[in-house]
Amino acid sequence: MKNSLIIVGFFVLGIFIGLYNLLPQIFVEIDFSIYALYILMFLVGVGIGADKKVWEILKNAKLKIVLVPLTVIVGTAIGVTIVSLFLKDVSLRESLAIGAGYGYYSLSSILISQISGEALGVVALIANIAREITTLLVTPLFAKYFGKIAPIASGGATSMDTTLPIIIKFVGKEYAIISVFSGIVLTMLVPFAVAFILKF
Amino acid sequence: MFTVLTLMAIGIIIGFTIQDKAKIVKAIDPMINIAIYALLFLLGISVGTNEIIISNLDTLGAQALLLTLGGVMGSVVLAFFTYKFFFKTKK
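Top to bottom, those sequences are chains A and B. Here the first sequence is numbered in the numbering used here, starting from 1 and rising by one per residue. Here the second sequence is numbered in the numbering used here, starting from 201 and rising by one per residue.
Hints listed in this document are in silico derivations from the structure and should not be mistaken for laboratory results. Cβ coordinates follow ideal geometry from the N, Cα and C atoms, glycine included. A couple of the hints might just be wrong.
[As the list claims (entries may be wrong)] Subject to a maximum C-alpha distance of 27 Å in a straight line, what follows is the list of computed DSS-like cross-link-like pairs (lysine-lysine):
hint, chain 1, residue 1, chain 2, residue 2
1, A, 52, A, 144
2, B, 223, A, 173
3, A, 144, B, 288
4, A, 52, B, 284
5, A, 173, A, 52
6, B, 221, A, 144
7, A, 53, B, 223
8, B, 288, A, 59
9, B, 288, A, 148
[Claimed, not checked] Where chain B lies over chain A, by a calculated footprint (3+ residues, C-beta under 8 Å):
hint, stretch
10, 62 to 68
11, 78 to 92
[What the hints assert, rightly or not] Only some residues are given here: those of chain B computed to face chain A with a beta carbon under 8 Å:
hint, residue
12, 204
13, 238
14, 240
15, 248
16, 252
17, 255
18, 265
19, 267
20, 272
21, 273
22, 289
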């Protein structure tokens with residue numbers, strides 16, 4: 001949660017610096033973000049590859065567990081498709097790409113702004129931050145009325161770390177592995193799904 | 201975008217081979233954080249200098265929240281059935 005606040009803080013700071021033209025001209029002339037993105041994606045890959053827990057969980061997963069991230073993928077796609085019918089600035093394809101951030105707002109917003117421009121990147125950022133916050137706040141109700149998989153599904157990619165504690169608290173420790181598994185699969189899927197949806 | 205995905209795939213392979221080098225592995229998360237801070241900061245700057253985005257921030261935000269609502273409710277409703285048919289233990 002603290003890290004989320006720092007990330008949003010940097011974003012807001014950037015907006016103000018941009019708004020009041022406080023930045024050195026070089027930032028306007030050269031687009032550093034694509035290089036920073038390259039570094040980030042490489043590091044994210046190394047982080048996933050080097051995590052022993054990730055391989056352990058993926059290796060020992062029962063087949064049934066796969067249904068959980070699949071539920072998130074299909075459920076999110078259906079939900080954003082319905083919503084996209086009512087949006088004036090966001091097309092169906094763009095809505096699906098934003099949905100495919102699955103709450104992983106830093107990566108998805110950066111990727112989407114690179115492919116489709118900053119306006120859509122901002123929508124992706126807000127939509128996916130809201131997914132994490134919604135999960136943190138509404139998990140008790142989701143668990144009560146929609147069953148023990150619901151909070152994990154709501155968390156999407158965040159169910160492996162930021163929303164894991166609240167999820168475990170309301171659905172029980174026996175669902176911790178399922179939650180981490182679903183989060184790992186969706187986290188790894190985000191860059192591929194976003195790029196695929198917007199490019200093809 | 202192909203470059204981005206390739207770099208991530210290479211990263212996963214390298215990460216897999218350095219699993220036992222605890223010092224390097226420990227340094228990765230802080231580096232990821234710094235890269236994310238830098239990128240969100242740069243995204244903020246692009247947004248701040250883009251008058252079209254700034255003047256439409258409220259409608260963009262509203263549409264974002266609707267997408268959240270759709271994504272979360274779709275997932276949660278489907279999760280209700282996944283739980284009921286595959287995970288719920290019989291009493």
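So, going through the hints one by one against the coordinates:
Only pairs whose Cα atoms come within 27 Å are accepted, and residue 52(A) paired with residue 144(A) is rejected, the gap being roughly 33 Å. Annotation: proposed proximity of residue 223(B) to residue 173(A) is violated, straight-line Cα distance about 30 Å (limit 27 Å). Proximity of residue 144(A) to residue 288(B) is assessed by CA-CA distance (about 14 Å); at most 27 Å being required, the pair is judged to hold. A threshold of 27 Å between alpha carbons decides the hint, and for residue 52(A) with residue 284(B) the separation of about 32 Å lies outside it, so the pair is violated.
A threshold of 27 Å between alpha carbons decides the hint, and for residue 173(A) with residue 52(A) the separation of about 20 Å falls inside it, so the pair holds. Under the criterion of a C-alpha separation no larger than 27 Å, the hint pairing residue 221(B) with residue 144(A) is inconsistent with the structure, at around 43 Å. The hinted pair formed by residue 53(A) and residue 223(B) meets the criterion: a straight-line CA distance of about 17 Å does not exceed 27 Å. Between residue 288(B) and residue 59(A) the alpha-carbon distance is near 24 Å, which keeps this suggested pair within the 27 Å criterion.
Restraint check: the Cα-Cα separation between residue 288(B) and residue 148(A) comes to about 9 Å, which is no more than 27 Å; the hinted pair holds. Coverage of the stretch 62 to 68 of chain A by chain B holds [criterion: at least 3 residues with CB-CB distance below 8 Å; count 3]. Taking a C-beta to C-beta cut-off of 8 Å, the stretch 78 to 92 of chain A contributes 12 residues in contact with chain B, enough for the three needed, and the coverage statement holds. Look at residue 204(B): its Cβ gets to within about 5 Å of chain A, closer than 8 Å, so that hint holds up.
Below 8 Å, beta-carbon pairs count as interface contacts, and residue 238(B) has one with chain A at about 5 Å; its hint therefore holds. Look at residue 240(B): its Cβ gets to within about 4 Å of chain A, closer than 8 Å, so that hint holds up. Because the smallest distance between the Cβ of residue 248(B) and any Cβ of chain A comes to about 2 Å, under 8 Å, the interface hint for this residue holds. Residue-level restraint check for residue 252(B) holds (minimum Cβ-Cβ distance to chain A is 7 Å; threshold 8 Å).
Using the Cβ-Cβ criterion of 8 Å, the hint placing residue 255(B) at the interface with chain A is not satisfied: the shortest such distance is roughly 11 Å. The interface hint given for residue 265(B) is met, as the beta carbon of that residue sits about 6 Å from the closest beta carbon of chain A, less than 8 Å. Given the 8 Å rule on beta carbons, the hint for residue 267(B) holds: about 4 Å separates it from the nearest Cβ of chain A. Among the interface hints, the one on residue 272(B) holds; its C-beta lies about 5 Å from the nearest C-beta in chain A, closer than the 8 Å criterion.
Given hint, residue 273(B) at the interface with chain A, holds; its Cβ is 5 Å from that chain's nearest Cβ, closer than 8 Å. Annotation: interface hint on residue 289(B) violated; nearest CB of chain A at approximately 10 Å, more than 8 Å.
Hints 1, 2, 4, 6, 17 and 22, counting from the list given before, are not met by this structure.
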